[in-house]
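Engineer: Residue numbers (my numbering), protein chains in the order written: chain D, 200 to 369; chain B, 200 to 369; chain X, 200 to 369; chain H, 200 to 369; chain Y, 200 to 369; chain E, 200 to 369; chain Z, 200 to 369; chain F, 200 to 369.
Treat the hints as calculated values from the structure; they're not laboratory data. Heads up, some of the hints might be wrong.
[What the hints assert, rightly or not] Using C-beta positions, here's what the derived DEER-type ranges look like:
id, chain 1, residue 1, chain 2, residue 2, range
1, Y, T252, X, E358, 14 to 24 Å
2, D, S213, Y, R355, 46 to 56 Å
3, H, N366, D, T226, 38 to 48 Å
4, B, E353, H, N366, 57 to 67 Å
Glycine residues also receive a C-beta, built at the ideal position from the N, C-alpha and C atoms.
Protein chains: 8
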Amino acid sequence: MDKPLVGILMGSDSDLPVMQKVAEVLTQLGIPWEMDISSAHRLPEKTADYARTARERGIEVLVCGAGMAAHLAGVVASHTTLPVIGVPLKSGELAGLDALYSTVQMPPGIPVATVAINGGKNAGYLAASILSIKRPELAESLVRFREATRKELEARSSELQTEIRKNRQG
Amino acid sequence: MDKPLVGILMGSDSDLPVMQKVAEVLTQLGIPWEMDISSAHRLPEKTADYARTARERGIEVLVCGAGMAAHLAGVVASHTTLPVIGVPLKSGELAGLDALYSTVQMPPGIPVATVAINGGKNAGYLAASILSIKRPELAESLVRFREATRKELEARSSELQTEIRKNRQG
Amino acid sequence: MDKPLVGILMGSDSDLPVMQKVAEVLTQLGIPWEMDISSAHRLPEKTADYARTARERGIEVLVCGAGMAAHLAGVVASHTTLPVIGVPLKSGELAGLDALYSTVQMPPGIPVATVAINGGKNAGYLAASILSIKRPELAESLVRFREATRKELEARSSELQTEIRKNRQG
Amino acid sequence: MDKPLVGILMGSDSDLPVMQKVAEVLTQLGIPWEMDISSAHRLPEKTADYARTARERGIEVLVCGAGMAAHLAGVVASHTTLPVIGVPLKSGELAGLDALYSTVQMPPGIPVATVAINGGKNAGYLAASILSIKRPELAESLVRFREATRKELEARSSELQTEIRKNRQG
Amino acid sequence: MDKPLVGILMGSDSDLPVMQKVAEVLTQLGIPWEMDISSAHRLPEKTADYARTARERGIEVLVCGAGMAAHLAGVVASHTTLPVIGVPLKSGELAGLDALYSTVQMPPGIPVATVAINGGKNAGYLAASILSIKRPELAESLVRFREATRKELEARSSELQTEIRKNRQG
Amino acid sequence: MDKPLVGILMGSDSDLPVMQKVAEVLTQLGIPWEMDISSAHRLPEKTADYARTARERGIEVLVCGAGMAAHLAGVVASHTTLPVIGVPLKSGELAGLDALYSTVQMPPGIPVATVAINGGKNAGYLAASILSIKRPELAESLVRFREATRKELEARSSELQTEIRKNRQG
Amino acid sequence: MDKPLVGILMGSDSDLPVMQKVAEVLTQLGIPWEMDISSAHRLPEKTADYARTARERGIEVLVCGAGMAAHLAGVVASHTTLPVIGVPLKSGELAGLDALYSTVQMPPGIPVATVAINGGKNAGYLAASILSIKRPELAESLVRFREATRKELEARSSELQTEIRKNRQG
Amino acid sequence: MDKPLVGILMGSDSDLPVMQKVAEVLTQLGIPWEMDISSAHRLPEKTADYARTARERGIEVLVCGAGMAAHLAGVVASHTTLPVIGVPLKSGELAGLDALYSTVQMPPGIPVATVAINGGKNAGYLAASILSIKRPELAESLVRFREATRKELEARSSELQTEIRKNRQG
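Next up, chain D with everything else stripped away, as it sits in the complex (with noise of 0.2 Å):
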């Protein structure tokens, strides 16, 4: 496998199932990545370090997921100049609110850029996004990408075209 492009970072193995999704999504776009365990608040320093050599490693853009008092991606982002991708995740009892505002609401200076609650799908595709300005391949997998995601939703509703007919003749 080439040089990963791409650190996913997440704060507990808990938050694999949603994190998963962003690896999935860069295989499939054939972006190389690199994923791993890290916390803001109980690996600190590794935090810290992996942030701050990532550029020199080749990475081009982070993502992290974390939950709660939702606090990776801001120290990342911290650490770095590289782009941050932020995934609030649902844990706990507030829905993934409290982990959306701690991850969208960076002050001026500092930015992460924040997708949807549990959105590890949307991650990799605006990693891919990010990265296919200096790639134009990339660029027409993407064009690819929605194109493919355009005949299945037309799949859709031709079938659900047919389904009505037959429920109307039946």
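Put chains B, X, H, Y, E, Z and F on the given structure of chain D with help from the hints.
Structural biologist: Just chains B, X, H, Y, E, Z and F, lined up with the frame of chain D:
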């Protein structure tokens, strides 16, 4: 001025005070930009055309600001595979929470990189981070900006210490 | 079946369970309808075309259901001057509140007639109310439906009284 | 003036600033209206009578504005099968969220077509959309209004471009 | 059974599980009650008549439970000067928050005494408190109930202490 | 003045502007009241004593106003079996939502009759409703008050009609 | 067992599953504790006595858990100057948000140290942090616990790397 | 002045108005403090160093104030085992709710003792409570402060009674 790399769109000219900060940050960092008013609802064709032609016109990042049921960033993202940054704007009675949800909670496949409510500055810095993955000199500018921010904060810290000492002696 | 008067659109086939209730109510009231899957983000051109041609095809009311950052109703409304009813759907983690805000908080000029979260039935009754302004027989059907509802509720009230009496005597 | 087609009701005369915008939009579009103060709670009989007799008096759409535990639109809808548009008004401490929930979350059978908090203008445009299904000339007026809105937005876009050019040259 | 002092109303028979607890508490305290299904929206005349005649029929407190845009308590309160207790019911997607706002945020002049979401029991105890201002024996019953509650809680406290001691010795 | 029937408590003298409205309504209706500042947290013993002795001193209804984590009404209710009305006050940053939840969401056994945020007036009317169950003349006063409210609203309705006619002729 | 340093109180025995975690953490760290059921509303005198005598009985930190309109921590804090930790518990329909606001939004003068909704574990660690200011050996235990947490997280990180490598080779 | 026992940190000098109240309360109680500006995101190393060395420098309690996605208290807590008090600050558009969630919803293992939004004063009193567990004279100061608060409230209560009597006689 060089060919714009960032396209800034807003839904109404009342959004200008926040969206101008995107342009100010980009100008500070030497990144050429263009800015226009369009609207997902009132100028849907213009908006779609703008998004569809952005990549071929040399734009690499799009920044969209809108309030209330803020559809602009999502609609733009549906017509391009470039990275789209959404700025939820406070307008109307719900403190921008409606715009935040309408911007960040995008369904899988069409991501919007969302920043804080009224987060014009961070939209600029996020655009710069994205552009920096193919422009090492921009990465350096971002490092210098952070350094300057640090210095400024340290200066304020010193002033505070001086003031505290004075009050204690006084 | 007659030419459809109501066009029902949904963003994904997972929205079918709620949106089918719109069709059921319309069928009960003898109002012809059509139903399709489209998506503001994944099939923007199809969505725009559908909306733009609806009036000339004889459609008089459009009903759109979508979840999360629900843009479907707003995008449809931007391409037609027909009345557009929006059904915010629960999907994702925010209990449909994101869809409610994204549907109801439309900026001035492009209204969406919003019903309750997952309010498929009421979307059907609202469509019928709208159609009734030019069809007196439909107004009568609605009155008969309300009468039936009243009777049903009164029957349940009687059952409850009987049950209470039994319990007291028992 | 012609016989009113739209009946505008509000719960208190403090609601006039928002509800007057409904009337202004209707007047602009040449739609005759009537307007009155009633209250679901303080004038329940008047409110019920008004709703019950609306259709026979030639009214085709009702628009109701109320704040806090806003029951007016729901109560009116329970006494008529005409389409009822609800305008949740900001009043009290909860930014109109109480009025939004009290208006939009109607139980099955009695729908209210809800617009944005303080969305007086859109209530007017929605009423016009509904009336347009039996009045082709009104559909054309709405198209002309949208065209005018587009032109206005395009003019502002041009002004912005001029201003940006000036600033860059200056 | 004696003539009812408390009238319990609910908007639908699906509200019975919560509203039955009102009756259970009243029965425990020896307070006669009546219970019926009515609906602010589907049976507005019955609801109004019920409220208007309640005082002359000997009812002293009304308890109304409804979900979503819960108008029942407010509509009842607008037709009587008896104290009306509102029980906001969880139903639909918003966890009862819509019912809470629709019940408690009543405009000046028509109060509803609101208890917790699904707070059937407390509606019963509140009704008893109100009735106790003219029935000293009921005040005593309430004191005895509180004493019993205290005893029960103290028993559980003792059990917990025993269990803790066992665990420590074990 | 007669012996007070209603005891009005507030947590701080900054709550006076809202709580004075309780007294004004009671005075209007001829109901004697007493008013004091106490605090669930800063004067817990005084608060408990006040509540415990209220019934024997002839008080029949207690009205408690407090902001933020508003415990006053709940604490008072835990020391008396008299009906306790809670007025959640806006204070601090959360628009009174904290006070609303802290007042209305009481656990089973200790109810608080909650009115709207800053709902001083309705606390007064609710107290009067409660007192009216043993004082027919108060029930009549409440009916007269409602009649006056109706007249006033009808007068405003007439004024509005006059104004509309003028504008149309002018 | 040594004399307890931490007193754990809960409003009901249904709160035990969360509050037991406080005790587990303390036991792990070798801190003696006591635990009891009391209630701000149902056992106000016991609760006040417990709080008032805590310091003289050798207790140094109090931990209080309650749900809904959670008054327990605030009431305890009003009767002692010891540090009081509040654990807002999820119970009822509002996901613990009511308990969070009722616990954290204390008015000036009577603070409650609030942890996350259902945050029993962190209440234990916070109590240990507080006790550590006079017990150096406890500070060391806390450092060892954090070290163990780090090791555990690093082990999971290694496992994840192994699994990723396997998947890639497989 | 003595060696500081409390370290007060804030993320920006715009937080000074609230955080100064922490210092004022401590000064009133005779507790030496230090105060500095640092930032979890803009000065991460300084923040980490400050937290890591706090205990050995004699600090016993840390108080951290930050707004929006308020990470300061959490980041500080991850680098020390001293008790950390978090003050969520209102800043930006969400009334401090973002800061509250970002501060209080800490994941297990790294607690933050959270006080009310903008609760600077209570942070001071909480710090004093914590320090009082090893300083009996501070416990006495706190008791005296509470006594003074009580007296002040009682004085205001007397003034209110006087005013009421005057109004009644006048």
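Engineer: State for each hint whether it applies.
Structural biologist: Evaluation of the provided hints:
1. Y:T252 to X:E358: 14 to 24 Å: With a Cβ separation near 23 Å, T252 of chain Y and E358 of chain X satisfy 14 to 24 Å, so the hint holds.
2. D:S213 to Y:R355: 46 to 56 Å: 33 Å, violated
3. H:N366 to D:T226: 38 to 48 Å: Holds, since N366 of chain H and T226 of chain D (Cβ atoms, about 46 Å apart) stay within the stated range.
4. B:E353 to H:N366: 57 to 67 Å: 33 Å, violated
Hints 2, 4 from the earlier list are contradicted by this structure; the remaining hints agree with it.
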